[in-house]
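As you go down the protein sequences, you meet chains A and B in turn.
Whatever position you read off the first sequence (first residue = 1), add 72 for the numbering used here.
Whatever position you read off the second sequence (first residue = 1), add 72 for the numbering used here.
Treat the hints as calculated values from the structure; they're not laboratory data.
One or more of the hints may lead you astray.
For identical chains, the list gives no copy identity; a pair is met inside one copy or between any two copies.
Below 30 Å or equal to it, Euclidean Cα-Cα: the simulated DSS-like pairs (lysine-lysine) are [as the list claims (entries may be wrong)]: (1) Lys244 <-> Lys133; (2) Lys343 <-> Lys82; (3) Lys281 <-> Lys244; (4) Lys441 <-> Lys343; (5) Lys341 <-> Lys197; (6) Lys244 <-> Lys283; (7) Lys133 <-> Lys121; (8) Lys283 <-> Lys323; (9) Lys82 <-> Lys178; (10) Lys326 <-> Lys341; (11) Lys283 <-> Lys386; (12) Lys97 <-> Lys133; (13) Lys146 <-> Lys102; (14) Lys102 <-> Lys386; (15) Lys326 <-> Lys386.
2 protein chains.
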Amino acid sequence: MRTTIANVYKHVNETVTIGAWLHNKRSSGKIAFLQLRDGSGFIQAVVAKAAVSEEVFEQSKNITQETSLYVTGKVVEDSRSPLGFELQVSDVEVIQEALDYPITPKEHGTEFLMDHRHLWLRSKKQHAIMKVRNEIIRSTYEFFNEEGFVKVDPPILTGASAEGTTELFHTKYFDEDAYLSQSGQLYLEAAAMALGRVFSFGPTFRAEKSKTRRHLIEFWMIEPEMAFMDHDESLQLQEEYVAYVVQSVLKNCKIELETLERDTTQLEKIKAPFPRITYTDAINYLNEQGYDDIKWGDDFGAPHETAIAEAYDKPVFITHFPVEIKSFYMKPDPDNPDVALCADLIAPEGYGEIIGGSERIDDYELMAKRYNEHELDGPAYEWYLQLRQYGSVPHSGFGLGLERTVAWITGIEHIRETIPFPRLLNRLYP
Amino acid sequence: MRTTIANVYKHVNETVTIGAWLHNKRSSGKIAFLQLRDGSGFIQAVVAKAAVSEEVFEQSKNITQETSLYVTGKVVEDSRSPLGFELQVSDVEVIQEALDYPITPKEHGTEFLMDHRHLWLRSKKQHAIMKVRNEIIRSTYEFFNEEGFVKVDPPILTGASAEGTTELFHTKYFDEDAYLSQSGQLYLEAAAMALGRVFSFGPTFRAEKSKTRRHLIEFWMIEPEMAFMDHDESLQLQEEYVAYVVQSVLKNCKIELETLERDTTQLEKIKAPFPRITYTDAINYLNEQGYDDIKWGDDFGAPHETAIAEAYDKPVFITHFPVEIKSFYMKPDPDNPDVALCADLIAPEGYGEIIGGSERIDDYELMAKRYNEHELDGPAYEWYLQLRQYGSVPHSGFGLGLERTVAWITGIEHIRETIPFPRLLNRLYP
Ligand SMILES: [Mg+2]
Ligand SMILES: [Mg+2]
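With the hints as constraints, model all of the structure from the sequences given.
As structure tokens, this is what we get:
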């Protein structure tokens, strides 16, 4: 019976065959312990000299790291292993012997590991991160499908950008100039007017020469956009969504969080509602805490975000930023038009901003005024303005950065490990 | 009580308020029928002169197309409508009056509609197509999650391509040259060696100057890749996947398929297993049918694919293509190395190829030979070759084109209507 490591629990005391790779091994005189991995999980296979042919036992002691195998054995319970089972081996068949696998259990430098990313992904920690990333994606779809959202895929290639082209990748689109999208939001607003509630999940690109542990050149965003939803309702949706994802990971990635040595008590606290603080109060708080490098009208840097986050044990919404430092399409607060009906969601534990969102301007005259101020002329922008002409409605939306969310939930230091093949300044390989 | 059209069934005989747009209307002396849409669905709202104020009745008779509204009324069953309910209106509040909405119920030319794609999406047919697209995506995630696959996002920006750069979009990646991905497959093979079973769902790009009803410049692909899976097992997975998606759409998109006037009897037949015909038999069949423009060694054109598909009422796998006309990484058939362990899946009713897949070469020596033949030298290709060095295993994968699948299942003529904002030759707007 062929099965996978994740499914051995269905075959207790049965003999199964698993296609796998040798992750690690140790042996003493009459017994060899093979740590196997098959992508679905990790399991210990015990080869007792008495239980196999002499040839299989000798071979087992000498299997090299990452050699591919078919291993046959009986599934038995083992309360000491995270999986809860081990394999009592009756046969081992080598598929292909791996010689001199470059990533050994010893320490390697970051550049070396990044150059070998195609192999590094096989390590226990990277495997766990990718499984958590997958669970975040899976639960995102589940959440938005259950809330009646329609997945909409906005275009990646666009003819113009409302927010400048300096940080955009350029390409020739036959005879025209095109840019890689930084956000699908404008398109998602059009789609929300057709489909009510929509969300995208796709790659975005920022040609930014920054080299911090929070930045990727190519990263994935989840961008929901909701017709007939105001700012407050959007914040509620955001906190429910983030809490849903965190609780899904806690429930479905127990082994992976253990592998990552993640402090899950921090994650268990992540339930709606989340605290809210206005931008103005946040500035005052920072000044009181001794940060004299920031004043009303400035945007937060990473240290400021961390200082604010430290005051809470949940993600915190910073709301009502000055209109001047936010995007042109954000709706001014009717009670105080100097600030916008917007919020950034700052993750706990120093992971920074994971969501930016706002209610959108729905008034045609005000949007036309913004067009003038930002010199958004020409036909490339006409269609977006038209959304305020033909049945404009209150609407809100937000964007969640997948990789920053993975970094936070897995508790890892650097965002480069949160995506299978990171694109960084000076890194386009593998 | 605020609700959406999709949720009125939960509020029968209750009074609800719906945020919506006027899709269409007709009125006689004492009654106005408002066709409302809110993205979640379409509903008829009946405004009886006797049931509302004189002001609301007069206003209702004069509401213009695509005006945004809050409509309050009682939900009553109505067996004549596809939804099964209508609204007996007690109040109507106009949010924003739409004047001279450009897309009227009369006929418009394709270029006009494409120029107004941001508004055209609101039409009943386009709305239905997007909902079916969403259900295909939703059920795809459901299927692969249930089968133990991990979603992996391969990079879009890549430094080199194993299959030439003439049909790739180019960009400068700081000081390097980069290209937009046509397929994540090579990366997915690396990921499958780490995670066992993986799938991607993302945009791909082809800078091809073709202008057929089957081609988009930017399109979305689902690419599963499976370690320890041979060609035959992959075909079984493919037919189960496609059948699952079709049956999910039939179950969850009844109203939309009715709107699209789709012949659902054709879709009900789509259950595993699917027929298989070898490339060689397909060539013979075509020659027998009088196609003298194709011989062994040629690739199929659209008319050939259609002719083959017409012999079946399910999708058909054409298997074992000549190695020469397929990709360098496809595994030759051990029984006949002139042909590959590969298959294209051809949709019924003339919709053409929706899947291409194969078992991959897992032998290092053979892959090294292919590298020589295809002049894949330099470090950019080294990592992919290494996968055959460090624990190579039998593995297979395939790619399904989302938009062609949407076209087939919705039964629409042209692929440009299957994606929210199509990118075509000479079309980068809106
Ligand atoms: Mg910020
Ligand atoms: Mg083909």
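Status of each hint after checking the structure:
1. Within a single copy, Lys244 and Lys133 get their C-alpha atoms no closer than 57 Å, and across copies no closer than 50 Å, so neither meets the 30 Å cut-off.
2. For a Cα distance limit of 30 Å, the shortest separation of Lys343 from Lys82 across copies, 28 Å, qualifies, whereas the shortest one inside one copy, 33 Å, does not.
3. In this homomeric assembly, Lys281 and Lys244 come within 30 Å of each other (Cα to Cα) both inside a single copy, at 22 Å, and across copies, at 13 Å.
4. With identical chains, the CA atoms of Lys441 and Lys343 are never at most 30 Å apart, being 40 Å at best within one copy and 56 Å at best between copies.
5. In this assembly of identical chains, Lys341 and Lys197 lie within 30 Å of each other by CA distance solely inside one copy; the values are 24 Å within and 45 Å between copies.
6. In this homomeric assembly, Lys244 and Lys283 come within 30 Å of each other (Cα to Cα) both inside a single copy, at 27 Å, and across copies, at 18 Å.
7. When the C-alpha separation of Lys133 and Lys121 is checked against a cutoff of 30 Å, the pair qualifies only within one copy, where the shortest distance is 10 Å, while the shortest distance between copies is 89 Å.
8. Taking CA atoms no more than 30 Å apart as the test, Lys283 paired with Lys323 passes in neither setting, with 34 Å inside one copy and 49 Å between copies.
9. For a Cα distance limit of 30 Å, the shortest separation of Lys82 from Lys178 qualifies neither inside one copy, at 35 Å, nor across copies, at 60 Å.
10. Taking the shortest alpha-carbon separations for Lys326 and Lys341, only the intra-copy value of 16 Å comes in at or below 30 Å, while the best inter-copy value is 41 Å.
11. In this assembly of identical chains, Lys283 and Lys386 lie within 30 Å of each other by CA distance solely inside one copy; the values are 27 Å within and 52 Å between copies.
12. For the identical chains of this complex, Lys97 and Lys133 are intra-copy neighbours only, at 8 Å inside a copy versus 80 Å across copies, given an alpha-carbon limit of 30 Å.
13. Taking CA atoms no more than 30 Å apart as the test, Lys146 paired with Lys102 passes inside one copy only; the shortest distance there is 18 Å, against 79 Å between copies.
14. In this homomeric assembly, Lys102 and Lys386 never come within 30 Å of each other (Cα to Cα): the closest approach is 52 Å inside a single copy and 57 Å across copies.
15. In this assembly of identical chains, the alpha carbons of Lys326 and Lys386 lie at most 30 Å apart only when taken from the same copy (21 Å versus 42 Å across copies).
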